[in-house]
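Enquirer: Sequence:
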Amino acid sequence: MGSALALALAVLAFSAAPAKAAADGRPGASPWQQTEQTALRLIAATETTGGARILSLGLHFKLKPGWKIYWRSPGDAGFPPRPDWSPSENLKTAVLHWPAPRRFEVLGMQTLGYTGEVVLPMAVELTDPAKPLRVAGAVNYLTCKEICIPYTAELALTLPRGPVQPSPFAHLIGRFQADVPGDGGLHGLAIERAETWTQGKTTLLLVTASAASPFQAPDLYAEGPPELAFSKPSVDFSNAGRTARLRIEVYGLDALEGPKPETLAGQSLTLTLIDGKRTAERRLTVAAGIGSAAGGATSLALILMLAVLGGLILNLMPCVLPVLSIKLLGVVGHGGGERRKVRLSFVASAAGILAAFGVLAAALIALKAAGMTVGWGIQFQQPWFLIAMTLMVTVFACNLWGFFEFRLLRWADDWGEHSTHTHGLGGHFLQGALATLLATPCSAPFLGTAVGFALARGPVEIGAVFAALGLGLALPFLAVALFPALATRLPKPGPWIVTFRRFLGLALAATGVWLLSVLATGVGFMAAAVVGALAAAAAGVLFLGRQRPDGAGLRTSAWLAAAVAAFLVPGWLGETPGGGKAAATALAPDPEAAQTLDALWTPFDEAAIPKLVAEGKTVFVDVTADWCLTCQVNKAFVLSASAVVAALKGPGVVVMKADWTLPDPGVSAYLARHQRYGIPFNAVYGPGAPKGVVLPELLSRKSVLDALEKAAGGKKTG
25 MGSALALALA VLAFSAAPAK AAADGRPGAS PWQQTEQTAL RLIAATETTG GARILSLGLH
85 FKLKPGWKIY WRSPGDAGFP PRPDWSPSEN LKTAVLHWPA PRRFEVLGMQ TLGYTGEVVL
145 PMAVELTDPA KPLRVAGAVN YLTCKEICIP YTAELALTLP RGPVQPSPFA HLIGRFQADV
205 PGDGGLHGLA IERAETWTQG KTTLLLVTAS AASPFQAPDL YAEGPPELAF SKPSVDFSNA
265 GRTARLRIEV YGLDALEGPK PETLAGQSLT LTLIDGKRTA ERRLTVAAGI GSAAGGATSL
325 ALILMLAVLG GLILNLMPCV LPVLSIKLLG VVGHGGGERR KVRLSFVASA AGILAAFGVL
385 AAALIALKAA GMTVGWGIQF QQPWFLIAMT LMVTVFACNL WGFFEFRLLR WADDWGEHST
445 HTHGLGGHFL QGALATLLAT PCSAPFLGTA VGFALARGPV EIGAVFAALG LGLALPFLAV
505 ALFPALATRL PKPGPWIVTF RRFLGLALAA TGVWLLSVLA TGVGFMAAAV VGALAAAAAG
565 VLFLGRQRPD GAGLRTSAWL AAAVAAFLVP GWLGETPGGG KAAATALAPD PEAAQTLDAL
625 WTPFDEAAIP KLVAEGKTVF VDVTADWCLT CQVNKAFVLS ASAVVAALKG PGVVVMKADW
685 TLPDPGVSAY LARHQRYGIP FNAVYGPGAP KGVVLPELLS RKSVLDALEK AAGGKKTG
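Start counting the sequence shown at 25; every next residue gets the next number (the working numbering).
Note that these hints are calculated values from the structure, not bench results.
Don't take every hint at face value.
[Claimed, not checked] Listed next, with one range per pair, are the computed distances between beta-carbon atoms:
{"no.": "1", "residue 1": "Q619", "residue 2": "P483", "range": "42 to 50 Å"}
{"no.": "2", "residue 1": "R363", "residue 2": "W625", "range": "52 to 60 Å"}
{"no.": "3", "residue 1": "R697", "residue 2": "Q406", "range": "22 to 30 Å"}
{"no.": "4", "residue 1": "Q619", "residue 2": "Q240", "range": "49 to 57 Å"}
{"no.": "5", "residue 1": "G290", "residue 2": "A379", "range": "37 to 45 Å"}
{"no.": "6", "residue 1": "A693", "residue 2": "A162", "range": "42 to 50 Å"}
{"no.": "7", "residue 1": "G140", "residue 2": "L326", "range": "45 to 53 Å"}
[Unchecked claim] Derived lysine to aspartate or glutamate pairs resembling DMTMM-like cross-links, with alpha carbons at most 25 Å apart:
{"no.": "8", "residue 1": "K225", "residue 2": "E247"}
{"no.": "9", "residue 1": "K641", "residue 2": "D622"}
{"no.": "10", "residue 1": "K256", "residue 2": "E170"}
{"no.": "11", "residue 1": "K641", "residue 2": "D207"}
{"no.": "12", "residue 1": "K641", "residue 2": "D683"}
All figures in this text were calculated on a predicted structure; none of them were measured in a lab.
In this text, a Cβ means the ideal position worked out from N, Cα and C, and glycines have one as well.
Sequences and hints are given; from them, build the entire structure.
Expert: Quick look at the structure:
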């Protein structure tokens, strides 16, 4: 970064006249080195070394009005202060820290720097803490107004041995040290990601940042290879002002050494975000974004293909199997039937799936715009949703058992006789919608990638990806609609189908029991028992209504009771203390190993992970929830396996469980930092992988053991 002007000024700096010294007898400070425009001295936070290995010093500048000096990355012109401490004694290292700068614009040129008074804090390390420290050397710096003048200041400061004693400058150094950007955690700022794309011949950098409270006037400084220059960002806000998307033009890619890249994809940049007194800094690798030559339409197309594939695989996950069993009944029930009616029924089911995914997408878009946490399956964290789903699967089970008929959309083709195995098109539509709702607590290969991509972006991407997921889940239904002979060539329905329906009804009833167990985890056993009793009572009323001639009134009462429960019980649940964990829905192959695993878990603490890794430990993180069936399958058949438990019990291994059964902002933020918005999510950290090894949604024993070994730096953990 720079210009011919900067180069010329750098050359002039070496011939600049030294600044004149002015005496200052205060302890912990060197004499002022004064010029007509500036004054510079070296200050320390202590008057003695105090036996410490690391001491805090600072370069203290005072500038006359209108004059400025430059930040470490000055922009289109200038150069920063450059100290040379080679004449020093007992000095091992000296590292300058840079407070957040201001942006200046002159004749279209952007520069970054400081005016007035500034201290550049400096952390110095002593070679021998038992000896005095002498910091001495020359500082070359440039000061500019309408003209630019380079100066060289000779500075020297000695700190003798002795008990530690704060100097008069400790507070001043600390004040400017507080302005040095960190990771943003103290200020509630986070730089989420950086993407690049091209617009015509212009290379663009898009940085997404978030804040705990709305942004005021954010600015962003990007640093990378010296050949690159970055414009002032334009900013768009969302999430009630708590999310900012900063768009920056990039120049100089053709000046980079080696092969000339078309975008910034793969480049490492240091990004400094400033919003008033709030700051954050992060170094990250730029990803190819939507609309770029590297990852534009092709990237979105790939994500959509992954979404279709993930939705298709979702048909094989345990969440969807109860509804697929109903559809299997529909296939059997069409044996010997008309091709047109087969097509209509399966198209109606596919339409229900797509409509439900559309509703999910719209709800997530609205929640995200309101600044709320979004994710795949988060509705299972809400008691009202679990109650509604329990009542819904109860209704479907009662229908399969013959307690009542679906008579929705009477104008639709009812296929002649209103027998116990037929539905109108409305019933098939509801089957598809139910399949979608029951699918959300499950994850599948490719699904997490697609959902994470969508929820990290805007409404268009969310809508497109969720439509692709719906298409994938609906593909088996559409296949039968396209080839109805798959159903019509089956044997005609007979008395045997009644037994088949009852069996499938039991599968749905088991799903209802599982939903109640999840509800019990969040709101307590007694509350879940009340809901279960209401569902059973509604089923009983429907059964009696089927047996009695005046059953229509009873069935109406059952529907009314279910509706009242759906509205009133959630409010009562909000006052019910949470209960114990529900019973496991699947048994591990090795129950003893499973019990050992349960004893190993420690509560999730993201802040402790870097400390544990620094101590040489390996940390296994499992983000799970009782409503996540894929999580339970992973636990039962992989994490509870004897070989995996032995590795997790190994010396130096810490296992953390992050429970997302109920809403948890900390867990949600952790997932978002990994570009994930659904579970299961497993990661392993260690000396060999301090940033973590992310595991696939469906675990295998080999993938877990390999990740543990990699994170441990190639050492076996058990």
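Enquirer: Now, for every hint given, state plainly whether the structure supports it.
Expert: Here is what the structure says about each hint:
A hinted range of 42 to 50 Å for the beta carbons of Q619 and P483 is consistent with their spacing of about 47 Å. At about 55 Å, the beta-carbon gap between R363 and W625 stays in the expected band of 52 to 60 Å. At roughly 24 Å, the beta carbons of R697 and Q406 sit within the given window of 22 to 30 Å. Taking 49 to 57 Å as the suggested C-beta distance range, the pair Q619 and Q240 conforms, at roughly 53 Å.
Under the hint 37 to 45 Å, the C-beta atoms of G290 and A379, about 41 Å apart, fit the expected range. At roughly 47 Å, the beta carbons of A693 and A162 sit within the given window of 42 to 50 Å. With their beta carbons about 51 Å apart, G140 and L326 fall inside the hinted range of 45 to 53 Å. This hinted pair checks out: K225 and E247 have alpha carbons roughly 21 Å apart, not beyond 25 Å.
Between K641 and D622 the alpha-carbon distance is near 20 Å, which keeps this suggested pair within the 25 Å criterion. A threshold of 25 Å between alpha carbons decides the hint, and for K256 with E170 the separation of about 22 Å falls inside it, so the pair holds. Distance hint between K641 and D207 is fulfilled; the C-alpha atoms sit about 23 Å from each other, no more than 25 Å. Annotation: proposed proximity of K641 to D683 holds, straight-line Cα distance about 22 Å (limit 25 Å).
Checked against the numbered hints given earlier, this structure breaks none of them.
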